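A.B. asks: Take a look at the letters that make up each chain.
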Amino acid sequence: MPHALLIKFPGTNCDLETARALEAAGFSAEVLPVALLEPASLDNAQLVVFSGGFSYGDYVMSGRISQLITKHKLGDRLKTFVANGGYVLGICNGFQILTQLDLLPRGSLIHNTTGRFICRWAPLKKNGNTSPFLKALPDHFELPVAHAEGRFVGESGDAEQYVKDGHAALLYGKDINGSSAQIAGLQDDTGRVFGLMPHPERFIAKNTHYDPDWNGADFGWGYYLFKGVAEALAA
Amino acid sequence: MSQAVFRTIPVRDLIADQLLDLSKKMKLSLSRADMLVVQEIFQNEGRDPTDVELEVIAQTWSEHCKHRIFNAKIHHTLNGQEEVVDSLFKTYIRSVTEQIMRDKPDFVLSAFVDNAGFVKLDEDKAVCLKVETHNHPSAIEPYAGANTGLGGVIRDILGAGKGSKPVASIDVFCFGPPDTKQEDLKAKDVIHPLGVMRGVVRGVRDYGNRMGIPTVNGAIQFDDTFIYNPLVFCGTAGIIPIKDIAKEVKPGHLLIAAGGRTGKDGLKGATFSSAELTTDSHEEDQTAVQIGNPIEEKKVGDFVLAAREAGLIEFITDCGAGGFSSAAGEMLSEVGGEVWLENCPLKEPGLESWQVFISESQERMVMAIEEHNLPALQKIADTYQSEMFVLAKADGLKRLKVWHHGSVVCDLPVDKLHGAPRREMRAKWSQAVASEPQVAVRPESWTQVLKTLLGDFAIVSREPIIREYDHEVQGNTVLKPLAGASGDAPQDGSVIKVDGSNQLVALSCALLPEWGKADPFAMGRACVDECVRQLVAMGANPTRIAILDNFCVGNPDNEKELGALVECTKGLAESALAYGAPFVSGKDSFYNYFITDEGPVSIPVTLLVSGFGVIEDAQHVIGSSLRRVGSKICILGETTPGLRGSVFAKYTQSAGLNGVPTWSDETNWANYEKYHALVKQGAILATHDLSEGGLAVALAEMAFSGKAGLKIELENMPASKQCTLAEILFGETPGRLLMEVAPEHVAAVKAAGGIVIGETTGERWLHITNRSSTVIDLAIADLKTIWQNGLTPFY
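For the protein sequence lines, the chains are A and B, in the order given.
Quick note: the first sequence uses this note's numbering, first residue 1, plus one each step.
Quick note: the second sequence uses this note's numbering, first residue 1, plus one each step.
A hint or two may mislead.
As the list claims (entries may be wrong) - Derived lysine-lysine pairs resembling DSBU-like cross-links, with alpha carbons at most 35 angstroms apart:
(1) K71(A) - K379(B)
(2) K79(A) - K379(B)
(3) K347(B) - K570(B)
(4) K206(A) - K120(B)
(5) K680(B) - K206(A)
(6) K711(B) - K206(A)
(7) K73(A) - K347(B)
Derived by calculation from the structure, the hints in this document are not laboratory data.
Keep in mind that this is a model prediction, so the values were computed, not measured.
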């Protein structure tokens with residue numbers, strides 16, 4: 001059974017449902033408060049997860065303090081973890097942290113164009129089929145989003161380039177937050193590091209869809225995201 | 001080297017007037033009678049009090065902490081007949097619950113003894129709900145007031161039992177109308193309703209979202225009477241293992257405070273909320289409003305839940321109004337103990353002893369543990385990065401003895417501290433008899449009336465606000481506040497799953513302040529009915545519903561306002577008993593009035609009934625949105641005359657003359673049981689309760705899912721003979737459920753008393769006829785646009 005390590009910062013608040021989702025998809029999951037984090041914590045893990053929430057309140061740039069603490073505690077351990085075949089997933093606040101940790105193509109997640117927090121379901125589409133995280137999902141699906149800072153911006157031309165070269169593995173089906181090129185998720189060159197703003201862990205059971213007659217698959221779409229990684233690890 | 005800063009205040013030789021002056025000067029909010037009792041305590045002690053002691057007594061005896069009006073002896077006159085109410089709480093709240101607990105053993109596990117009452121969910125889990133108000137702080141500082149209002153009630157849940165896990169929040173607001181003209185505000189420094197609304201919503205958003213607790217349910221009322229004194233109700237539901245509900249402080253236990261540091265924010269909040277607001281409040285009482293820090297609370301919350309799971313907590317409560325004096329005072333109220341204020345980490349140096357002891361700085365919890373568990377507890381605190389320290393030790397000597405840097409700053413017998421004298425009050429209510437029960441209103445266009453109502457602030461979509469709340473975090477929100485095929489149609493409440501249980505929890509709330517202006521007794525009954533009905537509509541078992549009563553009242557010293565409260569409480573109790581819905585907690589808030597340039601403006605007596613019900617199977621969850629073309633539309637419950645209090649009445653002055661609708665609790669209850677049997681059979685596709693705006697609005701709202709249109713014929717609508725067309729279309733008689741039923745289940749629904757009034761169609765059109773002549777005829781999309789955009793210009 002693959003093992004997932006979920007790093008929990010003060011203010012991380014989606015860790016329990018993410019652990020639950022991972023377990024449903026066949027992982028053993030361990031939530032680790034950051035006070036206990038050390039380089040050796042990663043030794044038994046095949047997947048490291050940065051869950052959603054408001055780490056340290058996100059009062060300065062979202063994910064900034066978590067990035068500093070993680071760097072301080074782990075040094076290059078996360079990079080060697082990935083280089084050695086490990087997988088890293090960042091969801092929402094976790095994606096914000098990953099963009100700062102230098103594990104994803106450069107760019108930032110800033111305030112939505114409306115300036116407001118937004119909690120709704122978003123249509124999504126896969127861009128290419130290289131991400132193991134999205135392998136088990138159809139080209140079009142939907143997931144809930146809930147964020148105030150989910151608008152991806154990069155330097156001029158970066159976003160379009162990421163769409164072209166496949167780094168932007170996940171796109172919104174319509175404009176949700178003003179994200180450049182409607183980018184919803186990014187991966188690194190290996191595809192093993194993936195960050196996304198939508199919350200797959202909130203759509204595991206069918207009955208958490210807003211439409212009681214939803215019947216797109218046997219489980220909610222989020223299940224297939226975690227399942228995809230489990231299958232990639234098993235292969 | 002720090003030292004205690006306190007002073008001795010001579011009271012033993014003062015006469016009554018001087019005592020009252022002292023109370024006013026120190027802002028103690030204690031009456032003349034109270035001060036005489038205080039004097040007696042210190043005459044018996046043979047010394048004068050310290051300022052710490054006077055502040056502790058003032059906080060402990062405040063209306064906010066002791067609910068002295070609900071426990072008062074009230075001489076009440078109803079329509080000229082005198083009666084004595086020997087405690088509203090005992091007579092109408094506790095006795096009703098005790099009766100229901102006898103009738104339904106093994107449902108309510110505890111009530112009125114803890115931060116929140118508990119109801120059994122399954123064999124090993126219980127669910128609790130608590131709702132608090134934060135009105136005065138939100139009036140003078142909307143963002144911080146609402147922020148800490150939600151933060152406070154979340155701590156109530158963390159401090160319920162040995163620590164419950166918060167799983168959902170409810171937020172209910174009463175504001176002045178958003179389109180109020182600035183020049184119509186009749187007092188300096190009052191914040192415009194728009195400013196209040198935006199601040200309050202953002203305050204709730206920033207606390208709830210950061211805590212990771214889904215805000216799933218709520219309501220907003222807009223009325224002129226709430227301009228000066230808005231109402232902000234914040235509620236949170238929690239889950240706990242049944243074995244962790246019972247708690248006790250024993251001599252030898254250490255009291256550990258954990259969480260945020262203590263500062264000068266939130267001084268005298270309990271007494272501030274126990275007096276009226278004035279323009280000066282906006283200047284002088286800023287320090288009474290606390291400053292929220294949700295991440296601090298998230299840390300202490302994670303710490304508490306981990307410590308409870310490790311079995312380290314013997315007792316826990318939150319630091320709310322009155323701060324440590326109230327938390328430690330309550331925990332030591334039976335056994336007594338010693339408190340050491342110098343152990344307390346401060347936000348800033350230089351706090352006087354009384355400030356440390358009564359500060360309402362946020363994000364603090366106090367727990368009792370066995371002394372030998374201190375290292376284990378410290379380890380968990382370190383893991384979650386929450387600060388903790390030893391605040392006190394229970395000693396069994398039955399005195400509250402407080403040390404600060406080697407000086408005793410407070411030393412009071414616990415029985416005297418908790419022995420607030422009882423109040424006697426006068427109340428009066430005259431119930432007007434409806435003079436003209438039948439009012440014929442014939443507008444030029446019923447379609448236009450429906451459009452007007454869908455754009456009324458009481459009915460328009462709350463979507464701009466709902467989307468700012470994370471209502472999906474924790475991943476358990478099954479029925480969302482906005483749902484249906486396009487995810488944006490209104491529901492009767494929300495339903496959440498519970499981890500580790502196959503039982504679900506439905507949450508809903510009801511408040512009808514407009515009814516209370518005319519008939520507070522009927523308002524009390526109708527609020528219970530609406531709350532219960534929404535829970536039943538969503539699929540809750542009608543026999544497994546518990547409710548909460550939250551009252552907000554203007555000036556309790558005004559006989560008429562107190563009289564309205566008495567009548568409202570009677571109505572509430574009557575229906576709660578009829579439905580077997582126990583009160584598991586509640587709260588009251590008085591002095592909700594403001595002294596404007598033109599005199600005092602009081603809120604109408606406002607009752608919020610919030611509740612939760614157990615849904616026994618995920619298959620029983622029923623939403624309010626149409627799902628199929630070709631279904632039948634059926635209704636349960638009869639429509640009766642009476643438009644008073646309705647949204648429709650706002651637009652037709654003459655309609656306001658007749659009374660509120662009448663109904664029988666027994667008939668409604670029988671219908672709810674029949675309805676639930678239909679739900680269990682799988683006969684119901686969707687259900688919407690009829691409330692604001694009546695049948696026509698409910699039909700339109702069901703069709704907002706976008707799945708189907710509606711063809712309705714009113715001829716068969718079950719209604720008393722005297723009902724006018726206005727009453728049938730827009731009346732708000734309680735007890736009615738509007739259902740979408742697949743054709744194959746129509747016979748079962750009819751057998752249960754349901755009447756078919758129409759069907760769903762492939763055209764996205766609302767077409768209502770009365771004896772074949774068209775009454776309302778409009779595209780659903782046009783109606784939805786009005787409804788969806790009503791609030792967007794203001795928020």
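A.B. asks: State for each hint whether it applies.
C.D. replies: How the hints compare with the structure:
Between the alpha carbons of K71(A) and K379(B) the distance comes to roughly 24 angstroms, so the proposed pair stays at or under 35 angstroms and holds. Proposed proximity of K79(A) and K379(B) is supported: the alpha carbons are some 30 angstroms apart, at most 35 angstroms. Between K347(B) and K570(B) the alpha-carbon distance is near 46 angstroms, which puts this suggested pair outside the 35 angstroms criterion. For the hint pairing K206(A) with K120(B), the CA-to-CA distance comes to about 27 angstroms; that is within 35 angstroms, so the pair holds.
Restraint check: the Cα-Cα separation between K680(B) and K206(A) comes to about 20 angstroms, which is no more than 35 angstroms; the hinted pair holds. For a cut-off of 35 angstroms, the pair hint linking K711(B) to K206(A) stands: about 31 angstroms separates their Cα positions. In summary, the hint linking K73(A) to K347(B) is supported, as the alpha carbons are separated by about 28 angstroms, within the 35 angstroms threshold.
This entry does not satisfy hint 3, going by the numbered hints stated previously; all others are met.
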